[in-house]
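Got chain A; can you put chain B on it based on the hints?
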Amino acid sequence: MAKTSNPARLVRFQFAGMFLAALVAGWLASLLPAPADAAAVYPDLAAAASPARLLTIRQIAAVSVFTLIICATLMFEERRLGVAFIGISALLALKVLTLSEFVHSTELHIILLLVGMMTLVGALKDMGFFTWIIQTIINAKKMTGLKFVAILMLLSGIMPGIVDEVTSIVFVLALVFQVCDTLKLRPTPFVLMSVMATNVGSTGTMLGNPVGILIGTKAEYHWNPGAAGDAGVPLSFGDFIVHATPIMFLSLLAIFLVLLVYYRKDIKLLDERLAERRASHIGLGPMVEIPYKRGLAILLGALAFIASHHPLEHALGLEPNTMLVAAPLAIAGLLMVFRSHRARHYVESSIEWWSLLFFMMLFAVSFALEHCGVTDVIADEIAPDGAAPSKFLLTPLIVAITAVGSAFVDNIVFVSTFIPIIKKIVAGSPEMSPLWWALLFGACFGGNITAIGSTANLVAISMLGKKYSIKVAFLEWLKVGLVVGLVSCAVATGVIFCYYKTSAA
Amino acid sequence: MSSKPPPAEREAAPVFSEKEVLCRTDLADAESVLGALVRLVAAREPAVDPDAALEAVLAREAAAPTFLAPGVAMPHARLEALERTCVAVATSRDGVLFPGGEKARLAILVLTPAHAPGAYLRVAASMARRLESPSFVDEAVAQETAAGVFALFHRGDRDPRLPPYVCAADMMASPKAVLRETNSVKDAIDLVVRTGLSDIPVVDKEGDLVGVASAQAILGVCLPDYLLWMEDLSRFSSFEPFETLLRKESSTWLADITDDDCAVVAADRPAIAVAEAMARHKTNVCYVTDGARLVGAVTLPRFLHNVFRD
Numbered sequence: 001m002a003k004t005s006n007p008a009r010l011v012r013f014q015f016a017g018m019f020l021a022a023l024v025a026g027w028l029a030s031l032l033p034a035p036a037d038a039a040a041v042y043p044d045l046a047a048a049a050s051p052a053r054l055l056t057i058r059q060i061a062a063v064s065v066f067t068l069i070i071c072a073t074l075m076f077e078e079r080r081l082g083v084a085f086i087g088i089s090a091l092l093a094l095k096v097l098t099l100s101e102f103v104h105s106t107e108l109h110i111i112l113l114l115v116g117m118m119t120l121v122g123a124l125k126d127m128g129f130f131t132w133i134i135q136t137i138i139n140a141k142k143m144t145g146l147k148f149v150a151i152l153m154l155l156s157g158i159m160p161g162i163v164d165e166v167t168s169i170v171f172v173l174a175l176v177f178q179v180c181d182t183l184k185l186r187p188t189p190f191v192l193m194s195v196m197a198t199n200v201g202s203t204g205t206m207l208g209n210p211v212g213i214l215i216g217t218k219a220e221y222h223w224n225p226g227a228a229g230d231a232g233v234p235l236s237f238g239d240f241i242v243h244a245t246p247i248m249f250l251s252l253l254a255i256f257l258v259l260l261v262y263y264r265k266d267i268k269l270l271d272e273r274l275a276e277r278r279a280s281h282i283g284l285g286p287m288v289e290i291p292y293k294r295g296l297a298i299l300l301g302a303l304a305f306i307a308s309h310h311p312l313e314h315a316l317g318l319e320p321n322t323m324l325v326a327a328p329l330a331i332a333g334l335l336m337v338f339r340s341h342r343a344r345h346y347v348e349s350s351i352e353w354w355s356l357l358f359f360m361m362l363f364a365v366s367f368a369l370e371h372c373g374v375t376d377v378i379a380d381e382i383a384p385d386g387a388a389p390s391k392f393l394l395t396p397l398i399v400a401i402t403a404v405g406s407a408f409v410d411n412i413v414f415v416s417t418f419i420p421i422i423k424k425i426v427a428g429s430p431e432m433s434p435l436w437w438a439l440l441f442g443a444c445f446g447g448n449i450t451a452i453g454s455t456a457n458l459v460a461i462s463m464l465g466k467k468y469s470i471k472v473a474f475l476e477w478l479k480v481g482l483v484v485g486l487v488s489c490a491v492a493t494g495v496i497f498c499y500y501k502t503s504a505a
Numbered sequence: 506m507s508s509k510p511p512p513a514e515r516e517a518a519p520v521f522s523e524k525e526v527l528c529r530t531d532l533a534d535a536e537s538v539l540g541a542l543v544r545l546v547a548a549r550e551p552a553v554d555p556d557a558a559l560e561a562v563l564a565r566e567a568a569a570p571t572f573l574a575p576g577v578a579m580p581h582a583r584l585e586a587l588e589r590t591c592v593a594v595a596t597s598r599d600g601v602l603f604p605g606g607e608k609a610r611l612a613i614l615v616l617t618p619a620h621a622p623g624a625y626l627r628v629a630a631s632m633a634r635r636l637e638s639p640s641f642v643d644e645a646v647a648q649e650t651a652a653g654v655f656a657l658f659h660r661g662d663r664d665p666r667l668p669p670y671v672c673a674a675d676m677m678a679s680p681k682a683v684l685r686e687t688n689s690v691k692d693a694i695d696l697v698v699r700t701g702l703s704d705i706p707v708v709d710k711e712g713d714l715v716g717v718a719s720a721q722a723i724l725g726v727c728l729p730d731y732l733l734w735m736e737d738l739s740r741f742s743s744f745e746p747f748e749t750l751l752r753k754e755s756s757t758w759l760a761d762i763t764d765d766d767c768a769v770v771a772a773d774r775p776a777i778a779v780a781e782a783m784a785r786h787k788t789n790v791c792y793v794t795d796g797a798r799l800v801g802a803v804t805l806p807r808f809l810h811n812v813f814r815d
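Chains A and B, in that order, give the protein sequences.
Just so we're aligned: the first sequence equals residues 1 to 505 in my numbering.
Just so we're aligned: the second sequence equals residues 506 to 815 in my numbering.
With the rest of the complex left out, here is chain A (with noise of 0.2 Å):
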């Protein structure tokens, strides 16, 4: 008789490694030196007996606690929220975090602008904008293989940096399962190229993936290191595309060449179903009057609003960033109050709490290892003191480091752990303030090395699979997805490095 796999026993070994790669963890942090300042970090440790050895048990289970998230963000994507709770639960039981530094670390302020731009995205849908860009493309005269191809990844590339990763992937796959069903193609080329551009693309600005939101309110960039007066100051909108958009669209451009090579077959069949079908004069959809123009002048209105964060909350006198959360905010109330009939499905539909709750958590255990010293650890261990770091050396690093983490584990939570760990080395050495765009394109780049890199990757093949019962076979993606992932890290690097030289100027 063939051998059956038994899911409840797969289900078991997968909590066994799991527990276990957490007490290994665990073990590895009662390694870490003493802090000498231990009393210092948790004041409530000056009374005990022996702070540093106190102290040691709150790394110890910080970084059990988050080994054990990884681990289940890997292995278990619907229990992984659970296991945060449980995690964080722990973390408050042991007195590694307090309530109110809990409820503080959650970065409620990031929660609210991803609440924010959801409802936006939710009212846009209704109003059919994404309809009409769909309808708009489908319907274009004289479309070829290579212009669809271009088409579809620039839409991708491009609209992820507008709406987030996931509605934008949503959105896309859309098209491309319209036009890989209209025309009987095979859909995972297309898919594939969708995702990967899709991953780039959410480089492009602030709202474009989580981490980048993250990353821009959390960053400490120093514009002028070594000038007088000169502090770290978090990164705005406006940074971003001047920073990061360029990189974007270079290694946009970078990964359609190599996609364009590599599913040439695939693009060259779509070129001749195409040409077949304009021969005989038929579209690839119905073609319908979209009301699609208020839909593009709240969008239009809502990214200049956001946009222009930065000068306003100069002329207002606000903190850093304030705007860029309370503009999503304003926006969606707007929504909210004008379209009343459908705010609660705003809410309940539109917004994706599971993952933000997963945010809220890992938010908070990424503050518990920085809170216990663990991550300053790490930071010395990779530019110690004392010593001139070297960006040739630090920049690929962190990209490699983050790109690769990346492609197996949620990027959101290599980059909460590893942001202060950037501050740490950027508050040392000022001019390696371009490590802050390191860490986002190693993070979003290195989402295309695997199937389960990023969330986009997860909903693609989950979508993928519901439509054909299509599986992209991990190797499949990684033969591809290795390239696009080097590639794009290697161009991101090497315009890194002229950030460099523009901030020692």
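Derived by calculation from the structure, the hints in this document are not laboratory data.
Think of the CB as a built atom: it goes at the ideal place given N, C-alpha and C, for glycine as much as any other residue.
Errors might be hidden in some of the hints.
What the hints assert, rightly or not - Across the chosen pairs, the derived CB separations fall in these ranges:
#1 E781(B) - K466(A): 14 to 22 Å
#2 L154(A) - L728(B): 24 to 32 Å
#3 L728(B) - L250(A): 37 to 45 Å
As the list claims (entries may be wrong) - One-sided and incomplete, this derived list gives chain A residues near chain B with beta-carbon spacing under 7 Å:
#4 K125
#5 D126
#6 T131
#7 V170
#8 T182
#9 K184
#10 P187
#11 S280
#12 I282
#13 G285
#14 V288
Claimed, not checked - Covered stretches of chain B, as calculated for chain A (at least 3 residues, CB under 8 Å):
#15 618-632
#16 715-729
#17 760-766
Using the frame of chain A, we list chain B on its own:
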């Protein structure tokens, strides 16, 4: 590749003997003949109450005629008391008048246990194979003795036992409508409208099954997913999304609405595979093929009728 199930438990003996044969009966009406056949079965199976059995058979006959072929009736009923399938056969030179007004020269009474879903189908399949010979009824009526009739049923390679399982082919009927892959979407819409069918098989010039064109696919062409994202389509009160297809339906290829991922089962596969295919594809029709050639279709209502009611 068709994988046959482990051999089902086969009947150890023929489902009837010459004692359950009423040869050249002079009885002219169905009720009398069926009453006589039920009594023959009751003589062999004491658990059978002849009156209750006759009532059940007549009720089933009144619900729908049970003619298997011209001149061949196969009345049947499910009985709680029975534990095995019982068959009795009657032949008549002048024919026995059945409720629908049709005359049967060969009547095959089938009584099956109430909770054996495939029992009747196995007998029907077995009899259908005998009736493939066009002269079988004439030969049966020509027999002068019960032994002769019994021998005819079990002559040569005719297995006296029931088949181990019911095949997809035993349940199928000819497809009510078929499209050629060279047809257009207009032809598909015409056929859907005319027949009321929601799924129509598409075959190539060799008769091989290519896929299925469905009414849902026609709707999907007019209202693709991305159009359904909009909160409300009532603004298209004049059916604007249907205009494009209406204008181009004659030149739009059938491939646009043909789905090759449909429920298909090989004719020799056990009929349970039909149910499996329909359940997996969430469809109400399963197509039956011989090689790649389309030979029939089983609808879900027909399947349910066969399993629960026949």
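Against the structure, the hints come out as follows:
Between E781(B) and K466(A) the C-beta distance comes to about 20 Å, which sits within the given range of 14 to 22 Å. Range check, L154(A) to L728(B): about 27 Å between beta-carbon atoms, so the 24 to 32 Å window is met. One distance hint, 37 to 45 Å for the beta-carbon pair L728(B) and L250(A), holds here, with the actual separation near 40 Å. This hint holds: K125(A) has a C-beta 5 Å from the nearest C-beta of chain B, less than the 7 Å allowed.
Below 7 Å, beta-carbon pairs count as interface contacts, and D126(A) has one with chain B at about 4 Å; its hint therefore holds. Evaluation of the T131(A) hint against chain B yields a held restraint, the C-beta minimum of about 5 Å falling below 7 Å. Hint on V170(A) is violated. Least Cβ distance to chain B is approximately 9 Å, over the 7 Å limit. Look at T182(A): its Cβ gets to within about 6 Å of chain B, closer than 7 Å, so that hint holds up.
Below 7 Å, beta-carbon pairs count as interface contacts, and K184(A) has one with chain B at about 6 Å; its hint therefore holds. Taking 7 Å as the C-beta cut-off, the interface hint given for P187(A) is violated, the closest approach to chain B being about 13 Å. Below 7 Å, beta-carbon pairs count as interface contacts, and S280(A) has one with chain B at about 6 Å; its hint therefore holds. The interface hint given for I282(A) holds, since its Cβ lies 6 Å from the closest Cβ of chain B, which is under the 7 Å cut-off.
Checking G285(A) against chain B by beta carbon gives a least distance of about 6 Å; that is within 7 Å, so the hint holds. Using the Cβ-Cβ criterion of 7 Å, the hint placing V288(A) at the interface with chain B is satisfied: the shortest such distance is roughly 5 Å. Only residues whose beta carbon comes within less than 8 Å of a beta carbon in chain A count, and the region 618-632 of chain B has 0; fewer than three means the coverage is violated. A stretch counts as covered by a chain when three or more of its residues have a beta carbon under 8 Å from one of that chain; for the region 715-729 of chain B and chain A the count is 4, and the coverage holds.
Residue count for the region 760-766 of chain B with a Cβ under 8 Å from a Cβ of chain A: 3. That meets the three needed, and the coverage hint holds.
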